[in-house]
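The listed protein sequences derive, respectively, from chains A and B.
Heads up: the first sequence begins at 1 in my numbering, then just goes up one per residue.
Heads up: the second sequence begins at 361 in my numbering, then just goes up one per residue.
One or more of the hints may lead you astray.
Restricting the straight-line Cα-Cα distance to at most 27 Å, the calculated cross-link-like pairs of lysine-lysine (DSS-like) are [to be verified]:
no., chain 1, residue 1, chain 2, residue 2
1, B, 362, A, 60
2, B, 427, B, 417
3, A, 60, B, 417
4, A, 271, A, 337
5, A, 20, A, 53
6, A, 20, A, 60
7, A, 247, A, 271
8, A, 53, B, 417
9, A, 337, A, 247
On the chain A side, residues computed to face chain B include the following (Cβ under 10 Å) [claimed, not checked]:
no., residue
10, 52
11, 55
12, 59
13, 63
14, 96
15, 111
16, 112
17, 168
18, 271
These are computed hints drawn from the structure, not numbers from a lab.
Here the structure is a predicted model, which is why all the values come from computation and not from measurement.
Glycine is no exception: its CB is placed at the ideal position from the N, C-alpha and C atoms.
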Amino acid sequence: MRPAFITHSGLWCAAGGTPKVVRDTLMCGQAAIGRLDILGQTFPYGFATEPSKSFHNRLKEGLRAVASDLVLESMPTDAPLLLGSSSLMIGLVEEGPWPPQQLLPTDSLDESIRSHWGIANRGWSFSSACTSAVHALDAAVGLIETGAVEEALVIGVEICNRITPAGFAALQLLSPSAARPLDLERNGLMLGEAIAAVRLSAQPSGWRIHPPALALDATSATGHAPDGSTVAAVMQQALEYAATNPKELRAIKLQASGSPSADAVEVRALKTVFGNDLPPLLSVKASLGHTLGASGLAEMVALLQCGSHDFLPATAGFALADPELNAAPNRAPIAWKSGPVLFNIQGFGGGLASWVVERR
Amino acid sequence: MKSLEALAVELKQLIVESCERPVEPGSITNEELLFGPDARLALDSLDALQLSMAIQKRYGLRLTDSKETRRILSSVGNMAQVLETHLAAH
Numbered sequence: 001m002r003p004a005f006i007t008h009s010g011l012w013c014a015a016g017g018t019p020k021v022v023r024d025t026l027m028c029g030q031a032a033i034g035r036l037d038i039l040g041q042t043f044p045y046g047f048a049t050e051p052s053k054s055f056h057n058r059l060k061e062g063l064r065a066v067a068s069d070l071v072l073e074s075m076p077t078d079a080p081l082l083l084g085s086s087s088l089m090i091g092l093v094e095e096g097p098w099p100p101q102q103l104l105p106t107d108s109l110d111e112s113i114r115s116h117w118g119i120a121n122r123g124w125s126f127s128s129a130c131t132s133a134v135h136a137l138d139a140a141v142g143l144i145e146t147g148a149v150e151e152a153l154v155i156g157v158e159i160c161n162r163i164t165p166a167g168f169a170a171l172q173l174l175s176p177s178a179a180r181p182l183d184l185e186r187n188g189l190m191l192g193e194a195i196a197a198v199r200l201s202a203q204p205s206g207w208r209i210h211p212p213a214l215a216l217d218a219t220s221a222t223g224h225a226p227d228g229s230t231v232a233a234v235m236q237q238a239l240e241y242a243a244t245n246p247k248e249l250r251a252i253k254l255q256a257s258g259s260p261s262a263d264a265v266e267v268r269a270l271k272t273v274f275g276n277d278l279p280p281l282l283s284v285k286a287s288l289g290h291t292l293g294a295s296g297l298a299e300m301v302a303l304l305q306c307g308s309h310d311f312l313p314a315t316a317g318f319a320l321a322d323p324e325l326n327a328a329p330n331r332a333p334i335a336w337k338s339g340p341v342l343f344n345i346q347g348f349g350g351g352l353a354s355w356v357v358e359r360r
Numbered sequence: 361m362k363s364l365e366a367l368a369v370e371l372k373q374l375i376v377e378s379c380e381r382p383v384e385p386g387s388i389t390n391e392e393l394l395f396g397p398d399a400r401l402a403l404d405s406l407d408a409l410q411l412s413m414a415i416q417k418r419y420g421l422r423l424t425d426s427k428e429t430r431r432i433l434s435s436v437g438n439m440a441q442v443l444e445t446h447l448a449a450h
């Protein structure tokens with residue numbers, strides 16, 4: 001098996017639409033978060049553009065923003081596009097006739113993006129809630145490692161719509177105030193929108209990506225084993241895939257969405273794997289929002305864009321340590337000049353993903 | 361029953377609004393090609409989805425076959441003819 005590398009990346013999210021703006025936002029703290037009206041209540045939301053814009057215009061604006069960093073004109077035409085999205089084009093359906101009289105095929109978004117950009121004669125779509133983009137990433141890494149392709153483009157898309165946040169609001173999972181990862185006063189998720197993309201290649205670059213460890217935990221419809229055992233097993237497997245000694249980790253990018261229960265499960269898992277000697281922990285959800293199906297890719301690209309300037313950002317939204325967790329995220333930037341970082345995603349419906357990106 | 365010309369006028373307005381192009385609707389001719397990099401409006405695949413949704417919402421016409429949709433949406437004249445047939449039957 002040969003290694004896979006990340007050669008280009010692009011991100012459009014609440015923290016910005018260019019690498020510099022994303023970096024500056026994460027460096028100085030929180031993004032300007034808007035409010036979304038759902039079911040008679042308002043919730044904080046990470047808008048990447050003006051809230052009033054249509055789905056169509058948001059998608060085009062986001063694609064334009066990330067395309068400029070991907071240098072698409074140099075992509076080989078046989079490089080496939082692998083797309084991960086939780087809501088796909090539900091925002092477009094919402095703007096059409098109601099109730100909907102036709103369903104859009106699942107692959108209509110990847111087909112439209114390939115046609116819009118004039119790239120990739122093959123495409124696959126993955127929709128598995130919050131792990132969607134990581135499943136796309138896993139498939140692309142596998143294609144490169146096995147020699148099936150030389151390059152692949154992976155994209156995560158989550159565009160603002162009303163059905164998704166309404167579902168979360170009805171389950172009382174949204175914070176009325178802000179995302180507070182691992183904080184004593186954490187009270188729920190803050191959602192957001194993003195388009196994130198990476199070009200993967202067999203050609204070496206400064207960023208090696210190891211295969212994600214993926215799993216499904218059927219403990220409950222919404223969460224994972226309360227003792228953290230399944231989350232721990234996936235983290236352990238990702239470290240084994242990357243042959244990484246836990247002591248070498250520069251940091252762990254947590255799921256840490258600010259959920260009272262899920263944050264606690266993740267910390268229990270961390271202590272199972274690392275004991276009390278935890279690597280630096282960080283979350284970017286207070287700056288990007290939880291971008292659901294795109295989150296694995298969006299949060300990774302945000303950190304790559306900081307890492308290209310040798311730092312990992314402080315965790316916005318954290319102020320008060322929770323004595324029951326006895327774990328706190330970093331409150332100041334960390335150097336990332338070389339070495340591995342572990343990424344975690346814990347998805348709705350039991351999806352789990354962990355993987356290692358190594359700066360060389 | 362709307363005339364072909366009346367439908368064409370409505371469609372031009374719908375294209376400009378749904379695809380958010382900064383052109384005067386009346387400046388679009390019935391025969392003008394709408395899609396592709398050489399077309400004046402340069403509509404693309406994402407605009408096609410947006411436009412087909414807008415047509416469905418306004419006229420109840422479902423465009424399900426992607427090749428047929430591409431042919432129908434290629435010009436205002438084609439769209440107006442298909443719509444006239446659809447509206448006459450419903």
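Results of checking the hints against the structure:
1. 362/B <-> 60/A: violated, 34 Å
2. 427/B <-> 417/B: OK: residue 427/B and residue 417/B at ~20 Å, within 27 Å.
3. 60/A <-> 417/B: Holds, at about 21 Å.
4. 271/A <-> 337/A: holds, 26 Å
5. 20/A <-> 53/A: Judged against 27 Å, a Cα distance of about 24 Å means the pair holds.
6. 20/A <-> 60/A: holds, 20 Å
7. 247/A <-> 271/A: Since the Cα atoms of residue 247/A and residue 271/A sit roughly 13 Å apart, the hinted pair holds (cutoff 27 Å).
8. 53/A <-> 417/B: At roughly 19 Å apart (the allowed maximum being 27 Å), residue 417/B and residue 53/A satisfy the hint.
9. 337/A <-> 247/A: holds, 16 Å
10. 52: With a closest approach of 12 Å, the residue 52/A hint is violated.
11. 55: With a closest approach of 8 Å, the residue 55/A hint holds.
12. 59: holds, 6 Å
13. 63: holds, 8 Å
14. 96: holds, 4 Å
15. 111: The hint holds - residue 111/A has a Cβ within 10 Å of chain B, the shortest such distance being about 7 Å.
16. 112: holds, 4 Å
17. 168: violated, 25 Å
18. 271: violated, 46 Å
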